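Could you put together the complete structure from these sequences and hints?
Number of protein chains: 2
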Amino acid sequence: MTEINITELTLYCKAFSGLTVEREAILKEIAEELTPHLSRVTDAFYTELDKIDKAKPFLNGKSEGLKKTHEAWLKGLFTNDFDDEYAKFLYHVGDVHVKIELPVEFMAGAMTQIQRNLTPILFELFGNDPERLIAIMEAIIAALGFSLQIMQESYQSSTLVTELDKFLKITGMSRILFNNLAKAYSL
Amino acid sequence: MTEINITELTLYCKAFSGLTVEREAILKEIAEELTPHLSRVTDAFYTELDKIDKAKPFLNGKSEGLKKTHEAWLKGLFTNDFDDEYAKFLYHVGDVHVKIELPVEFMAGAMTQIQRNLTPILFELFGNDPERLIAIMEAIIAALGFSLQIMQESYQSSTLVTELDKFLKITGMSRILFNNLAKAYSL
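Chains as they are written, first to last, in this note's numbering: chain U, 1 to 187; chain Z, 188 to 374.
It is possible that some hints are incorrect.
Claimed, not checked - Cross-link-like lysine to aspartate or glutamate pairs, in silico, EDC-like; alpha carbons within 20 Å at most:
hint, chain 1, residue 1, chain 2, residue 2
1, Z, K243, U, E32
2, Z, K370, U, E8
3, U, K169, U, E71
4, Z, K238, U, E8
5, Z, K353, U, D165
6, U, K183, Z, D352
7, Z, K275, Z, D352
8, U, K51, Z, E195
9, U, K56, Z, E350
10, U, K99, Z, D268
11, U, K68, U, E124
12, Z, K353, Z, D282
13, U, K183, Z, E350
14, Z, K215, Z, D268
15, U, K166, Z, D352
16, U, K166, Z, E195
What the hints assert, rightly or not - Label pairs and their in silico Cβ distance ranges:
hint, chain 1, residue 1, chain 2, residue 2, range
17, Z, V348, U, N179, 21 to 29 Å
18, Z, E209, U, N180, 52 to 60 Å
19, Z, N247, U, S186, 20 to 28 Å
20, U, K99, Z, D352, 40 to 48 Å
21, Z, A259, U, E32, 38 to 46 Å
22, Z, K215, U, R40, 23 to 31 Å
23, Z, K275, U, T162, 26 to 34 Å
24, Z, K215, U, I52, 37 to 45 Å
25, U, T69, Z, E318, 26 to 34 Å
26, U, E22, Z, D352, 19 to 27 Å
Quick caveat, the hints were computed from the structure, so don't treat them as lab data. Fair warning: this is a prediction, and the values are worked out from it, not measured in the lab. The C-beta atom is built at its ideal place from N, Cα and C for all residues, glycine as well.
Dropping the structure here:
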């Protein structure tokens with residue numbers, strides 16, 4: 001993997017997704033009230049995935065373990081700091097997704113399902129104060145967007161590395177020869 | 188570009204994002220009431236992008252034209268059918284994004300901004316009926332997720348094609364020789 005500046009990436013994705021300090025604080029404020037309901041979002045997620053043929057190879061016999069990981073991550077969204085360590089973790093997840101050959105559109109699809117299944121729960125819990133509910137929803141949209149952006153950045157760079165490896169294997173070319181040709185080509 | 192089955196891709200992404208027939212109908216139902224407010228979402232989008240350094244090369248001198256395209260697309264989300272033609276258009280957009288070298292995370296970032304900036308407007312217009320508002324939000328989340336999934340599918344496949352082209356140019360290898368080696372390698 002190429003060297004990346006995780007602090008820079010974190011700041012950039014926060015600015016892009018709108019994950020401000022105020023919104024990070026809102027997520028922590030609602031953690032206690034929301035957390036007991038997050039298993040419903042995870043359950044809905046795997047119920048929906050079960051109906052997608054392309055998801056089957058990634059679920060077979062692994063659903064229970066994946067559910068636990070999913071719910072833990074979802075809870076973390078409302079308890080962890082959105083710092084370099086979290087960004088590094090997300091970056092690693094994007095990379096793992098390439099290694100297990102998870103199709104790229106699964107990440108956006110997953111965020112869509114989470115966002116959609118969270119919506120009625122948020123109304124149920126915070127619907128009596130629309131102004132606060134708007135702020136909560138904006139914070140969640142930003143946090144999910146931030147997470148998706150970082151995963152996709154790493155998915156993309158990991159894909160490029162994997163593709164180059166494939167070319168080199170297929171052609172039997174050494175990396176040194178390729179790098180030299182690339183240098184000569186860019187002159 | 189490799190041959191893709193657009194009907195299959197449309198059905199798959201609809202199932203994944205949860206874009207049901209009922210939700211497609213809801214989007215059209217609210218079109219008339221929502222449309223006059225969509226320029227606020229577009230304006231907010233470009234105001235936010237203006238603050239992102241990495242976005243500057245894509246905006247320079249093009250903001251006005253881009254705003255028109257953005258608003259028209261946004262309006263279309265509530266008036267067009269989510270059929271093969273729309274999917275083909277999105278697929279083309281993903282491909283164009285690779286050609287203009289738009290970073291991959293811009294697409295997820297854009298959807299995040301739209302979703303976030305739509306939220307207060309939806310409460311303003313439909314907040315008096317929370318049950319309907321939930322259904323409207325779920326429909327919008329699904330439609331944006333569907334659009335993002337298709338764009339990313341094509342961004343990914345277009346990236347792979349572009350990488351192969353680059354590799355062939357750098358190495359001076361013909362496509363026929365590469366294809367033959369690839370066949371031999373996979374035996």
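Checked hints:
A hinted pair counts as satisfied when its Cα atoms are at most 20 Å apart, and K243 of chain Z with E32 of chain U does not qualify at roughly 40 Å. Only pairs whose Cα atoms come within 20 Å are accepted, and K370 of chain Z paired with E8 of chain U is rejected, the gap being roughly 42 Å. Distance hint between K169 of chain U and E71 of chain U is unfulfilled; the C-alpha atoms sit about 39 Å from each other, more than 20 Å. Distance restraint check for K238 of chain Z and E8 of chain U: the Cα-Cα separation of roughly 15 Å lies within the 20 Å cut-off, and the hinted pair is therefore satisfied.
Our distance criterion of 20 Å between C-alpha atoms is met by K353 of chain Z and D165 of chain U, whose separation comes to about 14 Å. At most 20 Å may separate the alpha-carbon atoms for a hinted pair to count; K183 of chain U and D352 of chain Z meet this at roughly 16 Å. In summary, the hint linking K275 of chain Z to D352 of chain Z is not supported, as the alpha carbons are separated by about 23 Å, beyond the 20 Å threshold. For the suggested pair K51 of chain U and E195 of chain Z, the alpha carbons sit about 15 Å apart, so the restraint of at most 20 Å is met.
A hinted pair counts as satisfied when its Cα atoms are at most 20 Å apart, and K56 of chain U with E350 of chain Z does not qualify at roughly 29 Å. Between K99 of chain U and D268 of chain Z the alpha-carbon distance is near 36 Å, which puts this suggested pair outside the 20 Å criterion. Between K68 of chain U and E124 of chain U the CA atoms are separated by roughly 24 Å; this puts the pair beyond 20 Å, and the hint is violated. For a cut-off of 20 Å, the pair hint linking K353 of chain Z to D282 of chain Z stands: about 16 Å separates their Cα positions.
Annotation: proposed proximity of K183 of chain U to E350 of chain Z holds, straight-line Cα distance about 16 Å (limit 20 Å). In summary, the hint linking K215 of chain Z to D268 of chain Z is supported, as the alpha carbons are separated by about 9 Å, within the 20 Å threshold. A distance of roughly 14 Å separates the Cα atoms of K166 of chain U and D352 of chain Z; the hinted pair therefore holds under the 20 Å criterion. For the hint linking K166 of chain U to E195 of chain Z, the alpha-carbon distance of about 28 Å lies beyond 20 Å, and the restraint is violated.
The given range of 21 to 29 Å is respected by V348 of chain Z and N179 of chain U, whose C-beta atoms sit roughly 22 Å from each other. A C-beta distance of roughly 59 Å is found between E209 of chain Z and N180 of chain U, which places it inside the suggested range of 52 to 60 Å. In this structure the supplied range 20 to 28 Å holds for N247 of chain Z paired with S186 of chain U, their Cβ-Cβ distance being about 25 Å. Checked against the given bound of 40 to 48 Å, the beta carbons of K99 of chain U and D352 of chain Z, roughly 25 Å apart, lie outside it.
Look at A259 of chain Z against E32 of chain U: about 44 Å separates their beta carbons, and that is inside 38 to 46 Å. Look at K215 of chain Z against R40 of chain U: about 29 Å separates their beta carbons, and that is inside 23 to 31 Å. Restraint check, K275 of chain Z to T162 of chain U: a C-beta distance of roughly 28 Å satisfies the suggested window 26 to 34 Å. Our hint of 37 to 45 Å for K215 of chain Z and I52 of chain U is violated, since their Cβ atoms are close to 26 Å apart.
Against the hinted window of 26 to 34 Å, the Cβ-Cβ separation of T69 of chain U and E318 of chain Z comes to about 33 Å, which satisfies the hint. Remark: the range hint 19 to 27 Å for E22 of chain U to D352 of chain Z is contradicted by a beta-carbon distance near 45 Å.
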